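Asker: Chain order of the listed sequences is A, B and C. Take the first sequence: its letter number 36 is residue 36 in the working numbering, and every next letter is one higher. Take the second sequence: its letter number 348 is residue 348 in the working numbering, and every next letter is one higher. Take the third sequence: its letter number 29 is residue 29 in the working numbering, and every next letter is one higher.
Since the hints were derived computationally from the structure, they do not count as laboratory data. There could be a bad hint or two in this list.
[Stated by the list, open to error] What the simulated footprint calls covered on chain A by chain B, stretch by stretch (three residues with Cβ under 8 angstroms from a Cβ of chain B suffice, anywhere in the stretch; the number is not a length):
#1 68-76
#2 87-101
#3 117-131
[Claimed, not checked] Label pairs and their computed distance ranges (CB to CB):
#4 R38(B) - I13(A): 23 to 29 angstroms
#5 R38(B) - K134(A): 33 to 39 angstroms
#6 I119(A) - V15(B): 46 to 52 angstroms
#7 Y380(C) - R56(A): 43 to 49 angstroms
Since we're looking at a predicted model, the values are computed, not measured. Ideal Cβ positions, reconstructed from N, Cα and C, are used throughout, including at glycine.
What follows is each chain in one-letter form.
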Amino acid sequence: MYLDFTNVLVFFIVGLVFVILNVSVLSRILRPSIPHEEKETTYECGEPAIGSSWIRFDIRFYTVALIFLIFDVEVAFLYPWAGVFKRSLDEIKEAKAMGLELTATQASIGSFLFFEMLIFVLILVVGFVYVWAKGDLQWIKTMTGQEDQQKN
Amino acid sequence: MGILITLLVAVAVAVALLQVVPLLVYGERKISAWIQDRDGPNRVHLTIKGVPIMPKGLMQPLADAIKLMFKEDMVPTKADRFLFMLAPVIAVVPNAAAFCVIPFGDNWVIASMGLDVNLQVSNANAGILVTLALSSLAVYALAFGGWAANSKFPLMGGLRATAQIISYEIALGLALISVLLTAGTLDLQEIVHQQAHNFTDWNMFKQPLAFFILLVAAFAENNRLPFDLPEAESELVGGYHTEYSGLKFSMFFMGEYLAMVSMSGVIVTLFMGGWSLPGIIDPGSLSFFHGPATVLCFVVKMAAVLFFYIWVRWTLPRFRYDQLMNIGWKKLIPLALLNIGVTALVLAS
Amino acid sequence: MADLKATGLTSKGKIPTEPFGDRAISFEPEPGLGEGRMILNFGPQHPATHGTLRLSLELEGEIIVSAKPDIGFLHTGFEKLGENRNYNQFITVTDRMNYMSAMSNNVGFALAVEELLEIEVPPRAQAIRLIMAELSRISDHILCVGLQGMDLGAFSVMLWSFIQREKLYDVFELTSGGRLTTSYTRVGGLAYDLPDGIIPRIKAFLAKVPEIIDEVEYMLSHNRIFIDRTQGIGVLTKENAISYGVTGPMARAAGVDHDLRRDRPYMGYQNYDFDVPVKTEGDAYARYEVRVQEMRESLKILDQALDNLPSGPVNCLGGKVRLPGKDEVYTKMESLIHHFILSMPGHGLETPKGEIYHATESPNGELGWFLVGDGTSIPYRARVRPPSFYNYSAIRTMIEGKPLADIVSVLGSLNVIAGELDR
């Protein structure tokens, strides 16, 4: 099984080497290089750029990144759940079909698994709803923000 | 012996992926030309001593590649040189590696040599997670590329790309979960086997909402119209790759198409029965032709998905940024959550 | 490298230290910049600025705090040329002023000069001019609608409409010999009569136009993304439209019910039956709709005009403004003298002293010509009121406070012709 992941890693590394060779070595051999100050300026529709572009950008990008982080973790936890959910249901069904005695927990495993995950998701949904209600998902609000928020 | 075969398969996949990109570019240009009543590329061809080897136009991607190789590669003086170099590298590799876990054919039994070839680079048991993880790595390419150039249009493109991709990744992940719920496994080969017996078993019919959400999110993940805001040539000129030239630019280009290929592989595997074709190509056959047939079937299905990508691109206009975020966060994610809930309820009852 | 040195360029060229010259002052970054605001040059080299425009934008995130339009990149000195060319020569300049609907400009200028000279052209010439003006309206609108789609990413629509415009240009080529720069009119008439067999050809083209309009509408009018990108975007209020002097489809989309063809008829527009589409929303979508409907109205006018095309001469021979035909020059003394007077340097048209303003409804709006005649064949002053200039000047009110992406939607709907804007 570990070998399987190693395959991916090897594939990844070989690809990395290929691309680096391409970009640095091959391109260095083939391409011409006639540097010129004007060529190396940044593009801004043919006008010299005013000021740096490394500015403090919108705080909402961070907000989105934060919500993403939370949700992505949630999604990552949902995967194993999704993997075992049906299987455990099937096992119970099989057991029932074979006429085995079931404990109370086993008999209600379906609803148990469902509500367990529901609670987990709901906690995160609360955060999601909070962000939504606060207007952080409303992208255009910098200038006309106050009005827009009231409208929505 | 086993390792050797795996290596051979890996090499074959790598070579195939590299060939797919120029073909896809050619296909895109021809299909868009067909949609727009044009001819498309119809000049560059290969003739050796008067004997035509390649028909007219088919050599266009090669000509483009050679042109890009010989282009001067400029780095803006104000740029962060290291990140500027790094971004195109990241753009290609994860997108190609994401294809590793996708089963592009059934076990190929070559009886005469006593071989049983697994047509999949890596049969990792949580394959789909690997794909997701790798494809989200690609966002670094856009973020770094956009930021490193120290130019305003790329910066905006990079920021847009980052926020867009991470937003739609959640929708994508959630849509996948409801499919995995019905499948009850994370093993991609097994998911294909489940769909192999009946057309109605295909997940695109069992989980139409998840299919739709995944399709939309896939377009956004791959920066294709109507979600190509990070590039948006009429607004941001080229977005994050505005400042790139030569081979570095072509790496971004390649990465984008590879991402499409990998994503269409995921779609085909999860929703459209993968390499199987109910009634015609059934799993488990021991015939020598079974392996190639499954691969062919997989490629045809992928081509259909890729055609859809191209078709949509040349038909629809693009969204505005806030509209895009609204769709992602306020429509797709709640819908996907709801879909999971309903699926789980139906399964549990 | 040796070659580079010979040309005086070194491998490390120098960037001018003061790139803007005087203009640098007006675009100096304001305090607080870099804290989250940045100045972005949108144009002149930008795919969304059809032609060369520049907008100096101050952005906060993606929101435009202020936009400073900067024009003059395509300044060609057309008006100054007018003071050095005689009236007929200036017609070739009018083509270049608006390359999207050259015929319309030709007609407008010829009409203005004729009003200065107080002559009237024969009915056939009038009808042909009207047909050409309406055809050029279709050629302008069909492409503008396509380009509006293209700016928003719907590339195919633009190419579909482009194909139809090329077919229309075939018609122009057959009539005038030029596709883009037609120079078809002359003071007192037309350069040539219509060629044989052109009427069926025009009709065949016109039969195709509704199809392509339907196709464009099918792709855009019912497209949710297109509607989201245009409805409520770039709103121009009726008051602003009037105070900025905005005319044409833009003004009509904003609720200004004004069309010179109907309100101040020229070229016999009063004899045709057509409607003037008016919308009240004033957004990019309304402009798109007005253009689409105007094309349908133009089709109506063209159908009537083509069916009732009068016969007769296309040049007015009284008033000694048009060159007489060669057969007359070779046979009649008076015509010979007339010919020489018109073509000899120092002679030519005799204009009365005085000034005139004549406006026509060009595809983009009111195209006015202010001509000052001083008795010679060369105008003392030839001033043009280009619709694009006034339409473009209103852009600030439409995009400030809006996200960057709206600029392309608005610019696409303005149909700015840079040649006309900068003159």
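Asker: Against each hint, give a clear statement of whether it holds in the structure.
Answerer: Each hint tested on the structure:
| no. | hint | result |
| --- | --- | --- |
| 1 | 68-76 | holds (count 5) |
| 2 | 87-101 | holds (count 3) |
| 3 | 117-131 | holds (count 5) |
| 4 | R38(B) - I13(A): 23 to 29 angstroms | violated (42 angstroms) |
| 5 | R38(B) - K134(A): 33 to 39 angstroms | violated (49 angstroms) |
| 6 | I119(A) - V15(B): 46 to 52 angstroms | holds (49 angstroms) |
| 7 | Y380(C) - R56(A): 43 to 49 angstroms | violated (57 angstroms) |
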